[in-house]
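Let the sequences and hints guide you as you build the complete structure.
Using my numbering, the letters of the sequence shown map in sequence onto residues 45 to 173.
Calculated from the structure, these hints are not laboratory results. What you were told as hints is all true, and nothing was included just to trick you.
When the alpha-carbon atoms are kept at most 25 Å apart in a straight line, the in silico SDA-like pairs for lysine to any residue are as follows:
no., residue 1, residue 2
1, K79, V158
2, K69, K166
3, K167, V75
Restraint ranges, calculated between C-beta atoms of paired labels, are given here:
no., residue 1, residue 2, range
4, K167, R105, 37 to 43 Å
5, K72, E132, 37 to 43 Å
6, G139, K56, 19 to 25 Å
Ideal Cβ positions, reconstructed from N, Cα and C, are used throughout, including at glycine.
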Amino acid sequence: MYQEWIDLGLSKGITDLQVFSVRNKSLKLSVYQGKLDQHVVSDVESVTVRGIYNNKLSTVRFENFSNLNVSKMLNQLIENAKALTVVEPAIIYAGSKSYPEVKDELFDFGSVPVTEKIDMLKKLEQHIL
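Here you go:
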């Protein structure tokens with residue numbers, strides 16, 4: 045997917061591209077007087093694309109990954125670059141030849157059922173009141 049975006053950007057005249065993708069998952073639970081007050085779940089993936097067009101560095105951020113939207117965002121990146129009046133050299137770090145492998149040992153909070161999380165919150169509320 046990202047390689048297609050890079051190829052599309054290059055075909056539009058963007059000389060260097062950097063794609064940075066982030067996925068944010070969140071859960072907000074609120075208990076008031078032993079009852080569930082709020083239950084909000086969020087799962088959002090966003091992409092930031094940095095590119096150099098006519099020696100000017102520009103950035104766009106978006107959440108809609110459809111091919112049509114990606115093309116629009118790359119066009120917006122080009123328009124942003126055209127609007128810049130800076131005369132500094134635009135550089136995107138090429139990266140290292142190798143990177144150390146980092147082993148994550150994280151607890152998967154998503155594996156705990158929501159009902160269990162709510163019960164824990166209710167017990168916590170009882171103990172602090």
